[in-house]
Amino acid sequence: METLLELKGITKVFGDNVANDGVNLKIFKGEIHVLLGENGAGKTTLMNCISGLYIPDQGKIFWEGKEIQVKTPQDAAKCGIGMVHQHFMLVDNLTVLENILLSGLRKRFAFLNKKQKKREVLELMRSYGLDVDLDTQIWQLPVGLRQRVEIIKVLYNDAKLIILDEPTAVLTPYETEELFKVLKFLTAQGRSVIFITHKLEEALRIGDRISVMRRGKIVHTFSSTNVDKNLLVRLMMGEEIEEIKGKKSSKVKKDKREIILEVRDLYVKNDQGTIAVKGISLEVGKGEILGIAGVAGNGQSELVEALAGLRLAIKGNVYFKNKDITNAPPRLLRDLGIVHIPEDRHKHGMIGEFSVKENFLIGSYYRYPFSKRMRLQHEYIEKYARMQIKKYNIKVSDIRMKAKYLSGGNQQKLILARELSKFPELIIAAYPTRGLDIFATKFVHEKLLEYRDKGASIIFVSSELDELMEVSDRIIVLFKGEIAGSLSAKETDKKTLGFLMAGETLLFSERK
Amino acid sequence: MSNRNLISFLRVFEKDSVIESVITPIIGLVVGLLIVAIIILLEGVNPITAYQELIFGAIGTKINLFSTLLKFIPLSFTGLAVTLAYRAGVFNIGAEGQLYIGALVATWVAIKVNLPFYLPSLLALISGMIVGGFFAFIPAYLKVEKGINEVLTTILMNYVGINIVGFSVNSFLMEKGQTAPQSPLIERSAHLPIIAKLEGIHLHIGIVLVFVIAFLMYDIFWNTTWGFEIRSVSINIEASKYGGINAKKVIMIVMFVSGAIASLAGSTEVLGVQYRLMENFMTGYGYDGITVALLGGLNPLGVLAAAFFLGALRNGAYSMQIATGIPISIIYVVQALAILSIISASALYKKFLAEN
Amino acid sequence: MIDILLAILNISFLQAIVNMSTPLLLAAIGDIYSERAGVLNIGLEGMMLVGAFSSFVISYHFNNPYIALIITIIIGFGLGIFHAFFTVTLKADQVITALGENILALGLTSTLYRIIIGVTEIQPECQGLPVLYIPAINRMPVVGDIMSGSTILVYIAFLMPIITYVIFEYTSFGLSIKAVGENPKAADSMGINVNVIRYIAVIISGIFAALGGASLTIGGLKYFFDNMTAGRGFIAFAAVIFGRYTPLGVFMGTLLFGSSDAFQLRLQTLGIQLPYHIFTSIPYIVTLLAMIFSRQTSFSPKALGKAYVRSS
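Chains as they are written, first to last, in the numbering used here: chain V, 37 to 548; chain E, 44 to 399; chain B, 1057 to 1368.
Treat each hint with caution, since some may be false.
[As the list claims (entries may be wrong)] Keeping only pairs whose Cα atoms sit at most 27 Å apart, straight-line, the calculated DSS-like set for lysine-lysine is: (1) 394/E <-> 107/V; (2) 383/V <-> 155/E; (3) 394/E <-> 438/V.
In short, the hints are calculated from the structure, not lab data. On a predicted model such as this, the values are computed, not experimentally measured, just so you know.
Okay, chain V solo, but in the shape it has when bound:
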């Protein structure tokens, strides 16, 4: 095999965090090379070093045997390295064609012959069997097509190496299959692909070779024809991980199921003004965890925000213990005993510029004993904050420190501690383990189960099927804003959930 790209001793440090630690890697021509690892293993950083977004602190990059300097994305593009980022690098209010042209601009000032360029791009698309309307603006396209635009972009720049960062995270199973076909076709033409993922199944399906990354290092590279699956998991997670144990089911007896939350025919719009939640009805019982599954962008976020009072429902009703709380403001909901662990902790969950102490006040600052006749009770607040920090083992040296300097895991613990200390009856947890390492994730799961056993009801939204099946009592699957299926967590399996997430309800019910 001929080597296209070789990395030698790539090291990248951010502050105290060594994101890449002397990475060596070879990419052959015409292969799909999977970079497998947990979140935070350093995969994306490594790819940013290759594609010119970061400059490595140490190490060398060789392209077709020659050492190259990649200081800017242009340098990378000139060599023939193209990257499809996890968050698409597209300009929403420009057309597909304009986005493609942008990526290939060589001169700062030149007149654009759009008609001629359009013909060129169409020709290119035809030769790879890719199809997308060039005159549509990006924001009008579904996610799968946006990714396709990204791929056309790198091909338009004649990339010999195409890097895809977690490309399937936003795709339905059908779109994933389509993507895999395209990638196979590209490698058959002699181009190389680096495919970043944290999903084992995918790595095994698509990769010619698989490199496992952990804590900034490549720990092993396998050929996909010769993989020890158990070893792969152990390498990826580290040796410390315990086997996932069968969980205890809810202690609350099912025969006298008391309904805590009832949602009736709810409609919610998203930021773009289209209807994202289309007539959802659901129930959550006391001491029950309701898992919500679905590919990102199928209405989960809007549903959660509507339930948490952050987004207006345009139709339908929400009842909490038989009381109508439709479109009630967050403050009222919290006073009723409904807490919300938000999806985006930086946007909603905390105020980074505030101290840790003040972050503990969010959502309860107006309550006794945190305040008394509008005056903050600093002494009590500090005592309370210290207690929670101890209880949740949050690593912070001084409660006056700004919360933005905490690590992601500790920030999540802070939010968890704060919300759970409010004696909740209903916990709405949206992607509470996103971006956390395996230990923090486990901690969150344990806390949720602990509160369920105390009798709290929980809505648990996640995109990870393993976690959903482990923690939930029941799981509903959302597809295009509707409930595609409602299942008992014990009786279902990943394949069924996968089908439902792809929107294949009819097919599924026919099979049954």
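Put chains E and B on the given structure of chain V with help from the hints.
For chains E and B alone, kept in the frame of chain V given last:
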């Protein structure tokens, strides 16, 4: 403490770090004064002489100090008004219009109302505050309900406010039998209480009010739930909503109060110093409020220091002009350079933090 | 009422609209570049004031308005660099920077005027730009009459919307500006130098704001007084928002504000027995109302007002 330790010490603590709130404004002022010294030098005047004249004019004699204090009062009010709004994440560039409209209403009430024992002045101040507050409420309402940039609306409303005053003193509020655009004199019963007198210069009760408001504001910011709401809204509006804060309401109330405080700059000037309303009776004090707020590190107590400094600058500039011929308008250059130096110093400091 | 109608239904009123719109149009069209690239330029007011002052002083000194025009362009270039240095390089707050610049412009022009010209009995006048005679235009009916008193700045102003439209729709530069203002991170990843594009865009804005100021002095009154822009920079800025950041929209916006200015001047000259303050308020009130009744937020570039910092 080593340099590195010092930095990590500073970055850690919740209230504004020492550098941000004290050192950068001082750097800003020094840079401003230095650059202006060069301009003065180019004009053929010794900058040291010029600045000596300026300092003498500002605080050299008791009378000079008194008139500096009379400038300190309105500058504090507008500075505090801008600070309050800024702390809730709103740029109130409209203090100029708010103080004009506040002064207009206060004058009208003071002239019309006939009551004993300082009641007319109290009533005048309060009505000025209500209308000034309403004047600031409009841009706040437009911001939260219609998403219209408040910088622009407050600026445009300044012109409207100033023109309304101009119109009034040329029509219904014009002194009878006069051609000058000014209101009749306000009766003695409606004057503000005087707390000190010196050769014809009266120091009115406004100076006490300034301190009361500054201390109240400081206390509210850091020790009350309302202060917590205000500060949350400015930093992260989404998180505030999540935390049960009605951000729109907070912004509208804060702007109302900000406008009310700004109005005091105009109404106390009329009721305590000039005793009548004239066209263009105090130009630029609203815009100066922005400088004061920034120089004061957006801290209510810092604002008082900055207002005194700027008041001294304004007052001293007259003496400097008389003695050396350097135009008064040069103090705008000092102010602007100070603002620009402050924002570049804090930008550089942030860059430095990010890189270390 | 008939008086008012008569006052506005004639060629000279249309001429007045053109004259009143020109400074706004120049500043506003230039500002489109800056705003679309993601840099707020509320410093337009100060830039116009500096442009008005420098063109006056230079024309006064050299007795040649064209030299003044060229030097004003160079000064506008410098003003753009100044604003870009603070907002793009230092990443300082774009609003506060602009406020500082506006105060600086007011202070510097007033001070320098007193130093250079001194206090005089009679307002000194400079050489104004001559009327530009373009046969093809001036021979046209109506249009010819309207443009009959126009200087080169008027023609530049009215040509700019078309040029700007072409640049934004048909050139790589226009495409880059739109990308940089909408999603700088994406633009960066596509090899566009975000800071360079923003610098160029802000410089263009500086040049045209300075020309807008020049149109008040060498293209208009021929003398200078303190704070003579009187908020026109802010109105131009409003016109950009009102016009939804598009050349045609901004053109319409400046015409609206320009005509309200022309209208109020007409009313003043009619000798209606009302203080002139009512009339001078009209442009500001029209601008305010226009802002209120046009939805604006969804049209603004997404990265507007935000400095671009690379890395995650």
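Against the structure, the hints:
no.: 1; hint: 394/E <-> 107/V; in the structure: 21 Å, holds
no.: 2; hint: 383/V <-> 155/E; in the structure: 53 Å, violated
no.: 3; hint: 394/E <-> 438/V; in the structure: 18 Å, holds
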